[in-house]
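Colleague: The primary structure of each chain is shown beneath.
Number of protein chains: 2
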Amino acid sequence: MELCGGTKARITIISVGSDNDDCGYRYERAFRDAGARRISAVNFESRADCNAESHDAALTSADGILMVGHDAAMLSETLSATPIARQIAHRNAQGMHVAGAGAGAAFLPRQMIVGGQGGTTPRADIVQLAPGLGLIDQLVIDQHFRHQDRLGRMLMALAYSPRAIGIGIDEDTAGFIGVDQKLQVVGSGGITVIDTSQLQHSAIHPDRSHTPVSMIGLHLDILVAGSVYDMSAHMASINTSPSV
Amino acid sequence: MELCGGTKARITIISVGSDNDDCGYRYERAFRDAGARRISAVNFESRADCNAESHDAALTSADGILMVGHDAAMLSETLSATPIARQIAHRNAQGMHVAGAGAGAAFLPRQMIVGGQGGTTPRADIVQLAPGLGLIDQLVIDQHFRHQDRLGRMLMALAYSPRAIGIGIDEDTAGFIGVDQKLQVVGSGGITVIDTSQLQHSAIHPDRSHTPVSMIGLHLDILVAGSVYDMSAHMASINTSPSV
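Protein chains in written order, with this note's numbering: chain P, 5 to 248; chain D, 5 to 248.
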């Protein structure tokens, strides 16, 4: 809200799924409680819905968009590569802020994790990937990283995405990525960064999907509030001067 | 068994706890089923028990010892720094093989994880450490790494142990560490190696125990059967010629 202009910012909250899922409306109330005066929530029930021009105004005039959702697969199935998705990406390239919460965060990059099993060791069958919104390349985001055993599925997603960076976000924690490709950490938890840019070896056996996959040369950083990860330089640093 | 001389090897299985826990005896049966002819199991119920000379013979004459147990804290409380523990370490320095299964593996290095909470992000209160057998320095071993969410507690144990290497072992998987300090992986799962030798930053706030701890500059390798980790050179490699 601050980045988008404060309480007068026009913020559109986007959710997918049935009307029974009031996810978007709960976020709308939270923004109003925080003082936002020009806030709207749009729910897309189907891909056909994502062509509707009636929603265009809410997107065209928005200062910021927040993607929300519990169901990563449904976000991808409903929104990816639709006119609405293209418009969001186009406006983001022009400078409009786009945020994601929960599965909505995972949806922001070019590809996303939509499902998988728990476990630390990467195995070919441990993760399912799907197209995301495409705002960022070479990045995989997973959420609720602290409470769930999601390292293996993240590593496997990265094995499929050469030179990508994986970001696991704890609850009550956020990362702000600027146009300078720097990620700033905010909140009470941590962000786990796994960098594959110096991966020396990774072997996937497509016909032996439950075989563990060796990955040699990963870099791992645990970042807390005040830390910055430069995604271009592949370098983490402790930055005590907040400049979001 | 092969390393110790085959079916004629004298192998002593060591467990701790009450007589009701037949953990050691189940391993004894497994070795007999595999053809071992000179196998014995010794259970220590208390630290006082670990001074008993009656057990000395089983240790002095053994070609190999296997430490077993479910309860890491009980292993440390019962055995660490006892005459029995010192004798095992002394004989291992002379060349006797020592193995560990389950918590028995975690018990082999100088310090061990005896408890902790699940989670990916290291926090000061996430792990409890206790003295181990002391056969290896600068190494922390955790087991059942695949099925449980143990990255955070391993990272926190490493934050307390500068320049240490952390090894997380999947089920149905083993690591063989030779006198050359090379770790060889055997089994159907993976071994997660976390190397802190190039850690650039780690901040522990002792008075804010639930605050996440930032750790920058960790190296992460996932090794599968055939891989080798050189603990002196801090380097992993794919070695397809087994030479255990």
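Be aware that one or more of the hints could be misleading.
Derived Cβ-Cβ restraints for the label pairs, each shown as a range [claimed, not checked]:
{"hint": "1", "chain 1": "D", "residue 1": "Ser-241", "chain 2": "P", "residue 2": "Gln-142", "range": "21 to 31 Å"}
{"hint": "2", "chain 1": "D", "residue 1": "His-214", "chain 2": "P", "residue 2": "Leu-7", "range": "41 to 51 Å"}
{"hint": "3", "chain 1": "P", "residue 1": "Glu-49", "chain 2": "D", "residue 2": "Pro-166", "range": "48 to 58 Å"}
{"hint": "4", "chain 1": "D", "residue 1": "Val-190", "chain 2": "P", "residue 2": "Gly-122", "range": "39 to 49 Å"}
{"hint": "5", "chain 1": "P", "residue 1": "Met-239", "chain 2": "D", "residue 2": "Thr-11", "range": "23 to 33 Å"}
{"hint": "6", "chain 1": "P", "residue 1": "Leu-7", "chain 2": "D", "residue 2": "Ser-236", "range": "29 to 39 Å"}
{"hint": "7", "chain 1": "P", "residue 1": "Asp-234", "chain 2": "D", "residue 2": "His-74", "range": "39 to 49 Å"}
{"hint": "8", "chain 1": "P", "residue 1": "Gln-185", "chain 2": "D", "residue 2": "Ala-34", "range": "46 to 56 Å"}
{"hint": "9", "chain 1": "P", "residue 1": "Asp-234", "chain 2": "D", "residue 2": "Gly-122", "range": "26 to 36 Å"}
{"hint": "10", "chain 1": "D", "residue 1": "His-74", "chain 2": "P", "residue 2": "His-94", "range": "56 to 66 Å"}
{"hint": "11", "chain 1": "D", "residue 1": "Gly-122", "chain 2": "P", "residue 2": "Arg-30", "range": "48 to 58 Å"}
To be clear, the hints were calculated from the coordinates, so they are not data collected in a lab. No residue lacks a Cβ here, since even glycine has one placed at the ideal position from N, Cα and C.
Colleague: Find the hints from earlier in the document that the structure breaks and name them by number, from lowest to highest.
Modeller: 2, 4, 5, 6 and 11
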